[in-house]
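Asker: Here the protein sequences come in this chain order: S and X.
Quick note, the first sequence lines up with residues 1 to 355 if you use this note's numbering.
Quick note, the second sequence lines up with residues 356 to 628 if you use this note's numbering.
What the hints contain is simulated information worked out from the structure, not anything from laboratory work.
Note that this is a predicted model, so its numbers are computed, not measured.
There's no promise every hint is true.
Here are some of the chain X residues that sit facing chain S, going by a computed Cβ distance under 8 Å [said to hold, decoys possible]:
id, residue
1, Asn361
2, Gly407
3, Gly447
4, His519
Ideal Cβ placement from N, Cα and C applies to all residues, glycine included.
In case you want the letters, here they are:
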Amino acid sequence: MSTYFIADDRLPEFLLGLDASAVYAQTAREEGSDIEALDRAHPAELGLRLPRAPLSVKSFLFPAKERVAVYPSSSYRWQPRADAEQPLVVAGLRACDMAALAILDRVFIQEDYVDPFYSARREALRTVSVDCVEPAASCFCNLLGAKPYPQEGFDVNLGPVAGGYVAEAGSEKGKEMLLAAAKLFHEATPEQVAERDAARAACEQKLAAQNGAFATADSPQKIVAAAIEDDRWLELAASCVECGSCSAICPTCHCFQLYDQPSDDAAGPSERMKVWDSCLLASYARMAGVGGMKASPRPELRQRYANRVIHKFAWFPEQMGLLGCVGCGRCTDACLGGGDLRQLLRDLEPVEAKT
Amino acid sequence: MATLTNIYAPAAAVLEDVIVETPTIRTFVLRPAEPMPFRAGQFVQLTLPGVGEAPFTPSSSPYEPERLEVTVLRTGRVTDALHAVPPGTELGLRGPFGKGYPIEKLHGKQVLLVGGGVGLAPLRSLILAMMADITKFQRLSIKYGARVPDELLYRRSYDEWRAHERVDLTETIDIPAPGWTGRVGLVTTLLDGLDIDIASSYAVSCGPAIMLKFVTARLLEAGYAPSQIYLSMNRRMSCGIGKCGRCNIGPYYLCKDGPDMCYEKIKDYPNVF
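Pulled out of the complex, with its shape left as it was, chain S reads as follows (with noise of 0.2 Å):
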């Protein structure tokens, strides 16, 4: 794969000049970073280097409301618009995003039923991805048996270096990118590609240390299918107190509820939105019946709580071949319990396997 290398101070024109409706990007903040529209931010600000951002690709693809239908009384033809979405770039995701979107590809594309709003926007959506160079305290991607840098799946990926970023493309999208704004960039030299390799051991080396103390003997994925029908789970959800942010902050959850609303004009069209929604909310799974008699399969906390663990390390990879958890940590950052995933999957294990 042919390297380039692009200056700090070039990154902004690349991403600026790329032909696309919306540029957004990981930005420095005084607490930690996001990602927000480039335009609006002073290039100065650009923080491609820090931790990954709480936001991730999700958002960009599965908006957390929109309306997916609208249905007027005299015909049902309207279709909203769903094949036109301009390109779109997002500049800052990681591998664990890059992770994210094959697990959000495989639910709403790559199955018997295409979601035309997610699959329009995936085919607008143009990746700049960045090897990690400082993990987040939370990150635990080297537990699940991933790499810190992006490995497939991105357009184009920045690995940092001294005064700029070696620069991949992964696609022929990506190879466009660079080849429209080429004069920014020049081939990146053999010790650059070294510099950028010599990062890469380094961050895992970094993560390898944070989460020395939660390593386990056996993977996530048997600690946790082996821990189904455990009867610890009610002292392991204790602190979870149902917040829901986990489900929201999780770039791979990707549970939602549809619901119809009339127009404000009676005799208007109807509308049907899709929101977020979580798997720990009593309300979730709960159905329909008379006041005080509306069964859920899973009444109490522990059993939700079990299942959103279960479901990400054991019945999504059986459903879908793909581990549903991609060790972002943002979990971790969101939960208003103090619940760590690492801690959870240690505690978990059982204790004769503890080293």
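Please arrange chain X on chain S, whose structure you already have, making use of the hints.
Answerer: For chain X alone, coordinates are given in the frame of chain S:
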């Protein structure tokens, strides 16, 4: 890129007729703008414009895809509102979803159907499909229970069903009622002393979760293997297409893999009933 079908938008269906079945159950006769071929046991999402949609398995014959019936118990926001709409109303339909009953597996078998309350509705679609082709089956034995006589569904059809040579139907009510001379007792009592060759039988059951639990236990006691039991499982469903997440039993999504599940497949997962 080609324009994709909007999987979330309902197609039009006109409500042709409303049949009052019991004080709390009505059958809605729908004529979809386009015929909607379905297998018995598959379900549809029925939209009441502006109110919402809810999942129902058609209770009519799959051989009449141009005219769908759904039998609805009034039990929540959408179904309360549905019970109030008059014939002529334009409703919406999405589907059909799921796999439906494994009717080919039932060929040549002694088929036992166990229904409870409004759970007879999906089974009626299977009953009608089987009766249209009854010589393919050794026998169809229907056991049905409702709480009180007024809530026995499709009473107008019982004589016609029983008139079929290979079909028998026994009904029971949970609570004794004045004027009722039939059987009293839970539907599981109809499974005592079954005169069925269990080795060549499949049992299919639909009803409330608590009923399915006890029916399953009773069938296992009677000698059915888990692989011979099919259950129409109850879960909340929103998308119908395996994306929204809420209808899982272990790794299965009932909307895709069910809603009728072989007990063998689900028995070892938590929170089945």
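Asker: Can we keep the Gly407(X) interface hint, with Cβ of chain S closer than 8 Å?
Answerer: holds (4 Å)
Asker: Does Gly447(X) pass the interface hint, meaning its C-beta sits closer than 8 Å to a C-beta of chain S?
Answerer: holds (6 Å)
Asker: Under 8 Å is the threshold here; is the Cβ of His519(X) close enough to any Cβ of chain S for the hint to stand?
Answerer: violated (34 Å)
Asker: Using 8 Å as the Cβ threshold, decide whether Asn361(X) counts as touching chain S.
Answerer: holds (5 Å)
Checked against the numbered hints given earlier, this structure breaks only hint 4.
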